[in-house]
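K.L.:
So the protein sequences, as listed, match chains A and B.
Residue numbering for the first sequence follows this note's numbering, starting at 1 and increasing by one per position.
Residue numbering for the second sequence follows this note's numbering, starting at 1 and increasing by one per position.
FYI, nobody ran anything at the bench for these hints, they're computed from the structure.
Errors might be hidden in some of the hints.
[As the list claims (entries may be wrong)] Taking lysine-lysine pairs in the DSSO-like style, the calculated list, with each CA pair at most 27 Å apart, reads: (1) Lys-118/B <-> Lys-149/B; (2) Lys-103/A <-> Lys-344/A; (3) Lys-112/B <-> Lys-387/A; (4) Lys-103/A <-> Lys-289/A; (5) Lys-103/A <-> Lys-112/B; (6) Lys-103/A <-> Lys-387/A; (7) Lys-450/A <-> Lys-344/A; (8) Lys-118/B <-> Lys-387/A; (9) Lys-75/B <-> Lys-112/B; (10) Lys-344/A <-> Lys-54/A; (11) Lys-430/A <-> Lys-149/B.
Predicted model, so just to flag it, every value in this text is computed and none were measured.
Read off the chains here:
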Amino acid sequence: MDIVSGLLHGFQVALTFNNLMMCVVGVVLGTVIGVLPGLGPPATIAMLLPLTMKLDPTGAMIMLAGIYYGAKYGGSTTSILLNVPGESSSVVTCIDGYAMARKGRAGPALGMAAIASFIAGTFGVVALMLVAPPLARLSLAFSAPEYFALMVLGLAMVVLLSGESLTKALLAMFLGLWIASMGTDIFSATSRFTFGQVELMGGIDFIIVAIGVFAVGEVLGNMEPAKPPDVLPVPKGLRNLLPTWEDMRRCRFAFVNGSVVGFLIGILPGAGSTIASFMSYGIEKAVSKHPEEFGHGAIEGVAAPEGANNAETGGALVPLLTLGIPGSGTTAILLAALILWGFKPGPLFIQDSPELFWGLVASMYIGNVLLLILNLPLVAVFAQLLKLPAYMMYPLILGVSIVGVYTSASSMFQLALLCGFGLLGYLMRKLDFPTAPLVLGLVLGDLMEKALRQSLMMSQGSISILFRPIPSVLLIVATLLLIVPLFKKFNAARLQVIDREA
Amino acid sequence: MNPVLRSGDFWSGLVLAALGTYIVVTAHGWDYLTEEGPGAGFFPMWYGGAMIVLSLLLTFAALLRPSKHAEVRWKDVSRAITAWVALVASVALMPLLGFVISFALLTVFIVKVMCGEKIRTALIVAICGSAGFYLLFEVALELSLPPGKLF
Numbered sequence: 001m002d003i004v005s006g007l008l009h010g011f012q013v014a015l016t017f018n019n020l021m022m023c024v025v026g027v028v029l030g031t032v033i034g035v036l037p038g039l040g041p042p043a044t045i046a047m048l049l050p051l052t053m054k055l056d057p058t059g060a061m062i063m064l065a066g067i068y069y070g071a072k073y074g075g076s077t078t079s080i081l082l083n084v085p086g087e088s089s090s091v092v093t094c095i096d097g098y099a100m101a102r103k104g105r106a107g108p109a110l111g112m113a114a115i116a117s118f119i120a121g122t123f124g125v126v127a128l129m130l131v132a133p134p135l136a137r138l139s140l141a142f143s144a145p146e147y148f149a150l151m152v153l154g155l156a157m158v159v160l161l162s163g164e165s166l167t168k169a170l171l172a173m174f175l176g177l178w179i180a181s182m183g184t185d186i187f188s189a190t191s192r193f194t195f196g197q198v199e200l201m202g203g204i205d206f207i208i209v210a211i212g213v214f215a216v217g218e219v220l221g222n223m224e225p226a227k228p229p230d231v232l233p234v235p236k237g238l239r240n241l242l243p244t245w246e247d248m249r250r251c252r253f254a255f256v257n258g259s260v261v262g263f264l265i266g267i268l269p270g271a272g273s274t275i276a277s278f279m280s281y282g283i284e285k286a287v288s289k290h291p292e293e294f295g296h297g298a299i300e301g302v303a304a305p306e307g308a309n310n311a312e313t314g315g316a317l318v319p320l321l322t323l324g325i326p327g328s329g330t331t332a333i334l335l336a337a338l339i340l341w342g343f344k345p346g347p348l349f350i351q352d353s354p355e356l357f358w359g360l361v362a363s364m365y366i367g368n369v370l371l372l373i374l375n376l377p378l379v380a381v382f383a384q385l386l387k388l389p390a391y392m393m394y395p396l397i398l399g400v401s402i403v404g405v406y407t408s409a410s411s412m413f414q415l416a417l418l419c420g421f422g423l424l425g426y427l428m429r430k431l432d433f434p435t436a437p438l439v440l441g442l443v444l445g446d447l448m449e450k451a452l453r454q455s456l457m458m459s460q461g462s463i464s465i466l467f468r469p470i471p472s473v474l475l476i477v478a479t480l481l482l483i484v485p486l487f488k489k490f491n492a493a494r495l496q497v498i499d500r501e502a
Numbered sequence: 001m002n003p004v005l006r007s008g009d010f011w012s013g014l015v016l017a018a019l020g021t022y023i024v025v026t027a028h029g030w031d032y033l034t035e036e037g038p039g040a041g042f043f044p045m046w047y048g049g050a051m052i053v054l055s056l057l058l059t060f061a062a063l064l065r066p067s068k069h070a071e072v073r074w075k076d077v078s079r080a081i082t083a084w085v086a087l088v089a090s091v092a093l094m095p096l097l098g099f100v101i102s103f104a105l106l107t108v109f110i111v112k113v114m115c116g117e118k119i120r121t122a123l124i125v126a127i128c129g130s131a132g133f134y135l136l137f138e139v140a141l142e143l144s145l146p147p148g149k150l151f
């Protein structure tokens, strides 16, 4: 199926009443959780995933993806009005967005964030549509050794950029690999790490770990009494939210910069939207004729990072859908969702599941338009969510977590595991262990072990199979990535990037 | 207290080293290599070994250079652990009381004790929350909530 007919088919799928409603629900929910600081897309998607099992997978995927990119729009509202990022990817928007709001220009800042998000988000979808099919064809040449090396590289990138301490990031990843090993080994039927529990014979459901670590761990970590937020007012009327023509003219390059940088960074595993937004902000400041205005309310300082963090979504979906390799916690959960619904993300995904791939792409075009419409006139309504008391949020998150896990397996044992992983998630945050490598290790652990064992079976146990051109290059790059932090100069650069993300 | 004993890195390193040792010892009982290729113990042996090395590195780094940054504020932890114990108690009560009542009790605890709101507010949030979950999941979506002997 070529791109034009694929896209037309996609719009036929995405424009059915059911899928359109799923898209609306996803983007509204995404905006809401983007506005609320503390509750992120990975926690929300993980909590809702078990509840989507009864739904049509295409509609469910459209909704979950809507949450993913919708949160990026919502995150800017909190950054601009509260100086607190609703999402980590909106951290940099605080700098100039809040400065603009304090100068009485909250309206144009919010409007520009929505417009830049729309332009770059749409660019990200166009690029996804153009890049994914040829990349999928290229990766058809991959077999077990190439996949193993690719997964090692993905994990190395995530570990490299996940935390201040490389040791802790690696340990978190190994913990994920250990959890992934639990259950019956499919090659030899050996029960591994089951502690004599029948319930563990099938392994630990990814959903329980994701909900426990992200949602329950987040609630436990937020139990500290917080100061009520001091929200700056949103100007009334659509006219007061629209940037001037002069603002739009000043942001011409920021739209291009945010779109291209965001998409390219999105493709790289581990880098993520926070780094994309910081990079585009840095580039924007470097090429600006008025760099002295940055930090004091430059509108390009809102447009570039907000664009980048939205374009990143399209980029992040490229390796997820064409190679089956997620690059972040959220895309790892989306991968788990696809696998649970019976799909196999990888080189044949577009060919085998055109309805899902093209339906998703088309829904993202629709979703971006919906988000622009929602975020301009309704931004004042979303801002009211910031006044929602924490005592209502915490029980709600815990309740949805419990119901989500219970509905996936109808077992009290799984709820006990949820409590355990909730505590693990909290302790990891408290002790500065990054959670992304754990989740990625868990999702990729099983696939990675399978790929390695298949490779070694193909070569009758000889490791030389990993020295074929593609795997050897990928493994050398992965090794270099893990060695680089040992050199002070490179480690300083790595820490600078992570520091920005923190 | 000795800064080393307050260090989260020191304790987490020790716990993970113990886990790594357990993984290696357990994996030792499984096939490492078979005629068909790697056995069930191959992969765990490698990551378990790497875990031991890295966690000991973490522990020794905390011993040699105890940093203020890695110290744990136990007062903060106690609040989170209290909430976690409440969650565990609520889940443990579910086979007897069912989701609706157990969740209402958990909500009252969080709103009243953890968030310091009035008991009236806590009761309203708990009743509305439990009823909302029941109506949405049991009635509207026909998904079963954890049942109890009493409800």
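K.L.:
Hint by hint, note whether the structure agrees.
P.N.:
Quick rundown of the hints versus the structure:
Proposed proximity of Lys-118/B and Lys-149/B is contradicted: the alpha carbons are some 31 Å apart, above 27 Å. Note on Lys-103/A and Lys-344/A: the hinted pairing is violated, with a Cα-Cα distance of about 51 Å set against a maximum of 27 Å. For the suggested pair Lys-112/B and Lys-387/A, the alpha carbons sit about 19 Å apart, so the restraint of at most 27 Å is met. Restraint check for Lys-103/A and Lys-289/A: satisfied, since their Cα atoms lie roughly 21 Å apart, inside the 27 Å limit.
Pair hint Lys-103/A plus Lys-112/B does not hold up; C-alpha atoms about 40 Å apart against a cutoff of 27 Å. The suggested pairing of Lys-103/A with Lys-387/A holds, with an alpha-carbon distance near 23 Å, which does not exceed 27 Å. In summary, the hint linking Lys-450/A to Lys-344/A is supported, as the alpha carbons are separated by about 15 Å, within the 27 Å threshold. Distance restraint check for Lys-118/B and Lys-387/A: the Cα-Cα separation of roughly 18 Å lies within the 27 Å cut-off, and the hinted pair is therefore satisfied.
Distance check on the hinted pair: Lys-75/B and Lys-112/B sit about 19 Å apart at the alpha-carbon level, within 27 Å; holds. For the hint pairing Lys-344/A with Lys-54/A, the CA-to-CA distance comes to about 19 Å; that is within 27 Å, so the pair holds. Pair hint Lys-430/A plus Lys-149/B does not hold up; C-alpha atoms about 38 Å apart against a cutoff of 27 Å.
Consistency with the previously given hints fails for numbers 1, 2, 5 and 11, ordered from lowest to highest.
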